[in-house]
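Given the structure of chain A, go ahead and fit chains F and S onto it with the hints provided.
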Amino acid sequence: MTASKQAETQTKTPHRWGERVIETIIRISGVSTIVIVGLIFLFLLKEGLPTFLDIPLRQLFGRRWYPIEALYGILPLLVGSLLVTIGAVIIAVPLGLIVAIYLGEFAPTWLREILKPLIEILAGIPSIVLGFLGWVILAPLIQDMGAPTGLTAFTGSLILAYMALPTIISISEDALYAVPKEYRDGALAIGATQWQTIWRVVLPAARSGLVIAVMLGVGRAIGETMAVLMVTGNAANIPEPGPGMFFQPVRTMTATIAAEMGEVAQGSLHYNTLFGIGIILFLITFAINSIASRIVGVQGNRRRGGQL
Amino acid sequence: MSRQQSNRLAKAIITIVSAMVIIPIVFVILFVVYNGIGALSWEFLTAPPTNGMREGGIGPALLGTVILTFVVAIVAMPFGIAAAIYLAEYAKDNRLTRWVRLAIVNLAGIPSVVYGLFGLGVFVLFLGFGTSIIAGGLTLGLMTLPVVISTSEEAILAVPQHFRTVSLSLGATKWQTIRHQVLPHALPGILTGVILGLGRAAGETAPILFTVAAFYLPELPKSIFDQTMALPYHLYVISTQVPGMPLTIQYGTALVLLLIVLSFTLIATLVRTNMRRRREW
Amino acid sequence: MTTLFAACGDGAERQTGASDSGEPERAIQNKGSDTLVNLALAWVEEYRVVDPSVSIAVTGGGSGTGIASLINGTVDVANASRKMKDKEIEAAQENGVEPIEFTVAIDALAVVVNLENPVNELSIDQLSDIYTGRITNWKGVGGNDAPIILLSRETNSGTHVYFLEEVVRKGEKKNNDIFAPQTLLMPSSVGITSEVRRNVNSIGYDGFGYVDPHHEKMIAVAKDDQSPYIMPSVASGSDGSYPISRDLYMYTAGVPTDVIAEYLDWVMGPEGQKIVAELGFVPLPKE
Numbered sequence: 025m026t027a028s029k030q031a032e033t034q035t036k037t038p039h040r041w042g043e044r045v046i047e048t049i050i051r052i053s054g055v056s057t058i059v060i061v062g063l064i065f066l067f068l069l070k071e072g073l074p075t076f077l078d079i080p081l082r083q084l085f086g087r088r089w090y091p092i093e094a095l096y097g098i099l100p101l102l103v104g105s106l107l108v109t110i111g112a113v114i115i116a117v118p119l120g121l122i123v124a125i126y127l128g129e130f131a132p133t134w135l136r137e138i139l140k141p142l143i144e145i146l147a148g149i150p151s152i153v154l155g156f157l158g159w160v161i162l163a164p165l166i167q168d169m170g171a172p173t174g175l176t177a178f179t180g181s182l183i184l185a186y187m188a189l190p191t192i193i194s195i196s197e198d199a200l201y202a203v204p205k206e207y208r209d210g211a212l213a214i215g216a217t218q219w220q221t222i223w224r225v226v227l228p229a230a231r232s233g234l235v236i237a238v239m240l241g242v243g244r245a246i247g248e249t250m251a252v253l254m255v256t257g258n259a260a261n262i263p264e265p266g267p268g269m270f271f272q273p274v275r276t277m278t279a280t281i282a283a284e285m286g287e288v289a290q291g292s293l294h295y296n297t298l299f300g301i302g303i304i305l306f307l308i309t310f311a312i313n314s315i316a317s318r319i320v321g322v323q324g325n326r327r328r329g330g331q332l
Numbered sequence: 613m614s615r616q617q618s619n620r621l622a623k624a625i626i627t628i629v630s631a632m633v634i635i636p637i638v639f640v641i642l643f644v645v646y647n648g649i650g651a652l653s654w655e656f657l658t659a660p661p662t663n664g665m666r667e668g669g670i671g672p673a674l675l676g677t678v679i680l681t682f683v684v685a686i687v688a689m690p691f692g693i694a695a696a697i698y699l700a701e702y703a704k705d706n707r708l709t710r711w712v713r714l715a716i717v718n719l720a721g722i723p724s725v726v727y728g729l730f731g732l733g734v735f736v737l738f739l740g741f742g743t744s745i746i747a748g749g750l751t752l753g754l755m756t757l758p759v760v761i762s763t764s765e766e767a768i769l770a771v772p773q774h775f776r777t778v779s780l781s782l783g784a785t786k787w788q789t790i791r792h793q794v795l796p797h798a799l800p801g802i803l804t805g806v807i808l809g810l811g812r813a814a815g816e817t818a819p820i821l822f823t824v825a826a827f828y829l830p831e832l833p834k835s836i837f838d839q840t841m842a843l844p845y846h847l848y849v850i851s852t853q854v855p856g857m858p859l860t861i862q863y864g865t866a867l868v869l870l871l872i873v874l875s876f877t878l879i880a881t882l883v884r885t886n887m888r889r890r891r892e893w
Numbered sequence: 011m012t013t014l015f016a017a018c019g020d021g022a023e024r025q026t027g028a029s030d031s032g033e034p035e036r037a038i039q040n041k042g043s044d045t046l047v048n049l050a051l052a053w054v055e056e057y058r059v060v061d062p063s064v065s066i067a068v069t070g071g072g073s074g075t076g077i078a079s080l081i082n083g084t085v086d087v088a089n090a091s092r093k094m095k096d097k098e099i100e101a102a103q104e105n106g107v108e109p110i111e112f113t114v115a116i117d118a119l120a121v122v123v124n125l126e127n128p129v130n131e132l133s134i135d136q137l138s139d140i141y142t143g144r145i146t147n148w149k150g151v152g153g154n155d156a157p158i159i160l161l162s163r164e165t166n167s168g169t170h171v172y173f174l175e176e177v178v179r180k181g182e183k184k185n186n187d188i189f190a191p192q193t194l195l196m197p198s199s200v201g202i203t204s205e206v207r208r209n210v211n212s213i214g215y216d217g218f219g220y221v222d223p224h225h226e227k228m229i230a231v232a233k234d235d236q237s238p239y240i241m242p243s244v245a246s247g248s249d250g251s252y253p254i255s256r257d258l259y260m261y262t263a264g265v266p267t268d269v270i271a272e273y274l275d276w277v278m279g280p281e282g283q284k285i286v287a288e289l290g291f292v293p294l295p296k297e
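Protein chains in written order, with this note's numbering: chain A, 25 to 332; chain F, 613 to 893; chain S, 11 to 297.
It is possible that some hints are incorrect.
[Said to hold, decoys possible] Just some of the chain F residues that point at chain S, by a computed CB distance under 10 Å: (1) Ser618; (2) Leu737; (3) Gly742; (4) Pro830; (5) Val849.
Derived by calculation from the structure, the hints in this document are not laboratory data. Cβ coordinates follow ideal geometry from the N, Cα and C atoms, glycine included.
Isolated chain A, as found in the complex (with noise of 0.2 Å):
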């Protein structure tokens, strides 16, 4: 230590200076992404506040969201974003662990690596050409098998069930691949099958990592906009419930705001609602997130230089 310190004090000092300003700068830069945080919420929250303070609660949270004749009940989006996510989870969550397992116990290794760059590509397609298609091809399909019209709840979960397969797969990936050698060869050594192996050991040692495959998959698919813009039909209509209800048509949060954005004066009380679902969905992502890392945090560990 004394070495370097003696190095240290035979530096020039211009170059000391300029070296504080340079880390003063690094270390402002880091601090700050708090503060954009914080500026992003209490701007949100300075414009959406008037939402929860002028319109009374029981009309908030009434079955009628019609702006423009100053109905501003938030239910149906609610609901709505609620039936598009829990589809795509649904459908997700199951086929991208499906997936996982296949990639990470029994495929052979040259489809591995088509596969993996595959799945990297599809996380990579736009939504608005995931959306594009589900208008084009998707919608007209389900309507031909059946429904009253092709955009339904339905339809956008299916799509963002695709959006959210490569987060889920990968994670799921991760989760299957740290349980410990150990546990699989234990197993198989005392004569379970690779099928047993999986079910009972691995899977159950994974458990939490998958937990966050699903918070993750949830907290993109509430996040979507432009692909439930184009399929889910955008009526703010509360579907009667039973089995029925995937296949009306919705309207989600996001798509709210993304219709009716461009259309608001600002600071009337239609803008101030539209930021005051974009609290709520603000918030509910920063929970799920939140959760998510807290999660990890306890279990990962910070990776330094070389070593796993």
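Just chains F and S, lined up with the frame of chain A:
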């Protein structure tokens, strides 16, 4: 059913289901290529749309996306890399750091439309930039920031400790070490992350909906305070708002967008593979 | 690089080589009604030939969007398929913007159904019942036994507001009916016609200029039980016999001068109105 049988059954089901999931992906990409390739030509990529956008090309939208991506790079790169250096090299393991990490995780999770809302409120209206490249670029840049920070931090952390210790023991200061030893070796990893982030930004629609995108503006923007067309928004518009729009052009536009994003991914992967091959540890 | 992009539209041969120094110095921001957007686009395309020194940016988003931008001071000319409300005019004035209204075309609003739908004519009363959800099955108006899928524009659309006031509320001032909650709000006129084309049970409304009779069927509308059922057309929109026909407007921030005044004069003049007719709208009555 014996254990062997259920084992085989499970494997079969898993394989079949995986195929059922993967094959549509391939199919979808091929479908877009098949239907869109007919529209592609140099003319298509450079000419403006004509005849109510039913003919002509996507030139202004393509250029707009290129310009926006540039602005995002300028906004997100210096800021993001600096923040990554902070996290990797300077931050101590205390509450402040935990909050910084939490902030980044949350920035990454904010829905793109909420970024658009923020961009509209702050850049377009409050700061008075109007719908402009600077407003759109800043909004997209903010959105890309967390990706740049995370991947850059990973790249910096991946540089082995001994580079640092050797440099410090030879008398270099901390910053000198970072600048001359750590950063150059982390650069390919950082670049990979930046390129991937830019690829994502190029494909986003919601943040640019009300901060910069124009429905029809064939003239080139002359300053960062001008509006511009942009490819993702153009695809949205021609597929939902123009009567009699030929499907070939719609698919062609989707294909171009796909190719742009894919080439970003490809370049990033190439950088990463190259780095893996050449790295000195 | 600029050379390649300094192209003009209208399918003219693109010049390679030295670009003209026609860097547009005068710019107009034009935003608003989706009903008007394709008309606005056609005008702009033609006007670039008339006066290449002017650059006009056209954006849709709905009448509400255009008017909001006018109020916010971020647009020069707002397109609207409905009149500005008193509240909006006040808000604009508070912001220092004095909206000036110009009627630029007339539009017959067509009610459209799928080609295979047997229903041909509906009265305004029936349309109101359908769109408020009082009638939910086609057999209630003499059609098939099938659910009615309601299609509408978004709430920021002037067409939506017009339809609300004149059809859903039948033009009655005291009427407070609104669209049924299960109404699908499509992002644009094209969204409506696309869905109508492929959905046998759907019903929607669109500007007459957006309808392609080869792909969608227009409904003859009667003002009430005693009136005749009239099909929308340029003629019936022009002579007022078609009950749901409306003016299309352009609003400027303050009295237009210079570039904007020239453009508006051209739009309302013979050349601009010729394009109106070409696109299926009703030209302004000749003085």
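Against the structure, the hints come out as follows:
Taking 10 Å as the C-beta cut-off, the interface hint given for Ser618/F is violated, the closest approach to chain S being about 45 Å. The criterion of a C-beta within 10 Å of any C-beta in chain S is met by Leu737/F, whose closest approach is roughly 7 Å, and the hint holds. For Gly742/F, the interface hint holds, since its Cβ comes within 10 Å of a Cβ in chain S; the closest pair sits about 5 Å apart. Against a cut-off of 10 Å between C-beta atoms, the interface hint on Pro830/F holds, since the closest Cβ of chain S lies about 6 Å away.
Residue-level restraint check for Val849/F holds (minimum Cβ-Cβ distance to chain S is 8 Å; threshold 10 Å).
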